[in-house]
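Q: Residue numbers (UniProt numbering), protein chains in the order written: chain A, 1 to 94; chain B, 1 to 94; chain C, 1 to 94; chain D, 1 to 99; chain E, 1 to 99; chain F, 1 to 99.
Treat the hints with caution; some may be incorrect.
What the hints assert, rightly or not - Now the stretches of chain D that chain B is said to cover, found in silico as 3 or more residues with beta-carbon under 8 Å: (1) 15 to 22; (2) 26 to 37.
As the list claims (entries may be wrong) - Cβ-to-Cβ under 7 Å is the rule here; a few derived chain D residues that face chain B: (3) Cys42; (4) His43; (5) Leu56.
Said to hold, decoys possible - Covered stretches of chain E, going by a simulated chain C footprint (3 or more residues, C-beta under 8 Å): (6) 24 to 35; (7) 39 to 46; (8) 51 to 63; (9) 68 to 74.
Because the hints were derived from the structure by calculation, they are not lab data.
These figures come from a predicted structure and were not determined experimentally.
All C-beta atoms in this analysis are idealised placements derived from N, C-alpha and C, irrespective of residue type, glycine included.
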Amino acid sequence: MDFSHLSQQEQAHLQMVVEQNQIKESMRIYNTIVDRCFTDCIKDMTSSALSPKENTCVKNCVNKFLKHSERVGQRFTESQVLMQQKQMEEGMAS
Amino acid sequence: MDFSHLSQQEQAHLQMVVEQNQIKESMRIYNTIVDRCFTDCIKDMTSSALSPKENTCVKNCVNKFLKHSERVGQRFTESQVLMQQKQMEEGMAS
Amino acid sequence: MDFSHLSQQEQAHLQMVVEQNQIKESMRIYNTIVDRCFTDCIKDMTSSALSPKENTCVKNCVNKFLKHSERVGQRFTESQVLMQQKQMEEGMAS
Amino acid sequence: MSFLRAAGGQSMEQSQMAANLAMAEREMEMMGDMFHRLSQLCHSKCISPRYLEEHLSKGESVCTDRCVAKFFDVSAMVGKMLSDRGEAMAAAAAAMPQQ
Amino acid sequence: MSFLRAAGGQSMEQSQMAANLAMAEREMEMMGDMFHRLSQLCHSKCISPRYLEEHLSKGESVCTDRCVAKFFDVSAMVGKMLSDRGEAMAAAAAAMPQQ
Amino acid sequence: MSFLRAAGGQSMEQSQMAANLAMAEREMEMMGDMFHRLSQLCHSKCISPRYLEEHLSKGESVCTDRCVAKFFDVSAMVGKMLSDRGEAMAAAAAAMPQQ
Numbered sequence: 001m002d003f004s005h006l007s008q009q010e011q012a013h014l015q016m017v018v019e020q021n022q023i024k025e026s027m028r029i030y031n032t033i034v035d036r037c038f039t040d041c042i043k044d045m046t047s048s049a050l051s052p053k054e055n056t057c058v059k060n061c062v063n064k065f066l067k068h069s070e071r072v073g074q075r076f077t078e079s080q081v082l083m084q085q086k087q088m089e090e091g092m093a094s
Numbered sequence: 001m002d003f004s005h006l007s008q009q010e011q012a013h014l015q016m017v018v019e020q021n022q023i024k025e026s027m028r029i030y031n032t033i034v035d036r037c038f039t040d041c042i043k044d045m046t047s048s049a050l051s052p053k054e055n056t057c058v059k060n061c062v063n064k065f066l067k068h069s070e071r072v073g074q075r076f077t078e079s080q081v082l083m084q085q086k087q088m089e090e091g092m093a094s
Numbered sequence: 001m002d003f004s005h006l007s008q009q010e011q012a013h014l015q016m017v018v019e020q021n022q023i024k025e026s027m028r029i030y031n032t033i034v035d036r037c038f039t040d041c042i043k044d045m046t047s048s049a050l051s052p053k054e055n056t057c058v059k060n061c062v063n064k065f066l067k068h069s070e071r072v073g074q075r076f077t078e079s080q081v082l083m084q085q086k087q088m089e090e091g092m093a094s
Numbered sequence: 001m002s003f004l005r006a007a008g009g010q011s012m013e014q015s016q017m018a019a020n021l022a023m024a025e026r027e028m029e030m031m032g033d034m035f036h037r038l039s040q041l042c043h044s045k046c047i048s049p050r051y052l053e054e055h056l057s058k059g060e061s062v063c064t065d066r067c068v069a070k071f072f073d074v075s076a077m078v079g080k081m082l083s084d085r086g087e088a089m090a091a092a093a094a095a096m097p098q099q
Numbered sequence: 001m002s003f004l005r006a007a008g009g010q011s012m013e014q015s016q017m018a019a020n021l022a023m024a025e026r027e028m029e030m031m032g033d034m035f036h037r038l039s040q041l042c043h044s045k046c047i048s049p050r051y052l053e054e055h056l057s058k059g060e061s062v063c064t065d066r067c068v069a070k071f072f073d074v075s076a077m078v079g080k081m082l083s084d085r086g087e088a089m090a091a092a093a094a095a096m097p098q099q
Numbered sequence: 001m002s003f004l005r006a007a008g009g010q011s012m013e014q015s016q017m018a019a020n021l022a023m024a025e026r027e028m029e030m031m032g033d034m035f036h037r038l039s040q041l042c043h044s045k046c047i048s049p050r051y052l053e054e055h056l057s058k059g060e061s062v063c064t065d066r067c068v069a070k071f072f073d074v075s076a077m078v079g080k081m082l083s084d085r086g087e088a089m090a091a092a093a094a095a096m097p098q099q
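Using the sequences and the hints, build the whole thing.
A: Put into structure tokens, the structure is as follows:
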């Protein structure tokens, strides 16, 4: 996203909004990870304590989730850049 | 819904809200279709390009989704009308 | 949550927010129950009327859902209390 | 609702108006949410995920009609059960932690 | 928060008050969301979808208790892992319960 | 957007500014939602739920890359179909009850 067309005051305000957004985004990631890893790793309800196996599963699940998100993020950003270039070229051509 | 009890100014404002709502609704439909058709049609990850089969599947999925929504909408509206008539009759009877 | 640090005016406002929250919460519970019980109990689409079996299933589903929520709520509250005690003790110790 | 805010002092009618609008807006939003849930549920119940065809089959169409009817029946039934319990419902809300 | 807006010039105490309220509101909303997710997850794990009975069976009750305990354990574990890494992530974890 | 409200009379530039900001905010939110959906869909398609390992396997990595590419293709395709139907889309919105 390119925000250079915004005024300085707008950018300052946007800064604040961006920060609030990041908190909300972090909360969403946290909740998504807990839901996903709880669903996939907690299968055994014969005890109220996490078994060593469940423990390992959750650890791997969290780490794998973050690595996966990171990779999706890289590809996502690349795609965005490509699309903007394409739009600019089309803008030039017309 | 019957909005005849609202003032003219209220109806003008409501008009604007309705329009914003339609944009949000369109976004929701778009996202729902992409999620549904991606989930149901994209099975093969041996290539990064859509196969002809996936392509056809997505096309059919989108069209079928819209036809289904339309049908649900018709039945939904009929039910609403029926319920309102029933409420009015009950209102009369009492 | 402890709101004793809020002023009286704040607590009055909070009261209102809490009430609005309860309405939203009730709507969420209602929708969640309908979605869950419809999904689990309605299997037969050879008629547009609920069968006696579906009827019983929905009734049990609703009652069981509420009992389950209540139990989760009890455990949830206990956990919160325990955590707060732990935090206070840690606060004392430091 | 910016135009309401612009309108200087809040007279009696104005706050009534604001309340009316807020209710109409909420009603509209609830209708949209309900339609979305209904569509999703009946799609899952009635539409085959193979998509060999772009039209609704006869079976899918009939299924959809019945699905909508049953959805409203279940909604009404759940609504009645919850309002009959009145207090139990309040209890459900009270089970909600920390009010 | 209309009453705050009504209150003419924003004094120091008033903006502090607004911040307090906003935080209390957010906390309440977060609690509600968490309870909703927890209930959904434990319903899926513990309640048989056949509904032959309206009461919780002994097995379902015990399962529910353990499910809640495990949910909090997993939440705490994930929170700790996230706050151990990265600062941006830490903000999220700090906002979370189980501080 | 409290600072906008504070700014007395709404001049032309100020309302333009508010519109710019609102659009930028909405764009940011939409991006976040899209990334979330994309991640969820590709996690379901590519990540084995057994978690024997904390690293992405070669297969999971390649699958993720292709998944993202296909998601954008499907999104573009659906977007084009909906805008080609223009009116049909309006119809879809009109199917929305009672506006």
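Q: A separate judgement is required for each hint: does it hold in the structure or not?
A: Evaluation of the provided hints:
1. Remark: the segment 15 to 22 of chain D is confirmed as covered by chain B, as 3 of its residues place a Cβ nearer than 8 Å to a Cβ of that chain, reaching the required three.
2. Taking a C-beta to C-beta cut-off of 8 Å, the segment 26 to 37 of chain D contributes 7 residues in contact with chain B, enough for the three needed, and the coverage statement holds.
3. Interface restraint check for D/Cys42: the shortest CB-CB distance to chain B comes to about 6 Å, inside 7 Å, so the restraint holds.
4. Among the interface hints, the one on D/His43 holds; its C-beta lies about 6 Å from the nearest C-beta in chain B, closer than the 7 Å criterion.
5. Against a cut-off of 7 Å between C-beta atoms, the interface hint on D/Leu56 holds, since the closest Cβ of chain B lies about 5 Å away.
6. Counting residues of the segment 24 to 35 of chain E whose beta carbon lies closer than 8 Å to any beta carbon of chain C gives 8, which meets the minimum of three for the stated coverage.
7. Using a Cβ-Cβ cut-off of 8 Å, 5 residues of the segment 39 to 46 of chain E lie near chain C, which meets the minimum of three, so the contact claim holds.
8. Given a C-beta distance limit of less than 8 Å, the hint that chain C covers the segment 51 to 63 of chain E holds, as 8 residues qualify and 3 suffice.
9. Proximity of the segment 68 to 74 of chain E to chain C, defined as three or more residues with a beta carbon under 8 Å from a beta carbon of that chain, is established by the 3 residues found.
Violated hints for the displayed structure: none, as all numbered hints are satisfied.
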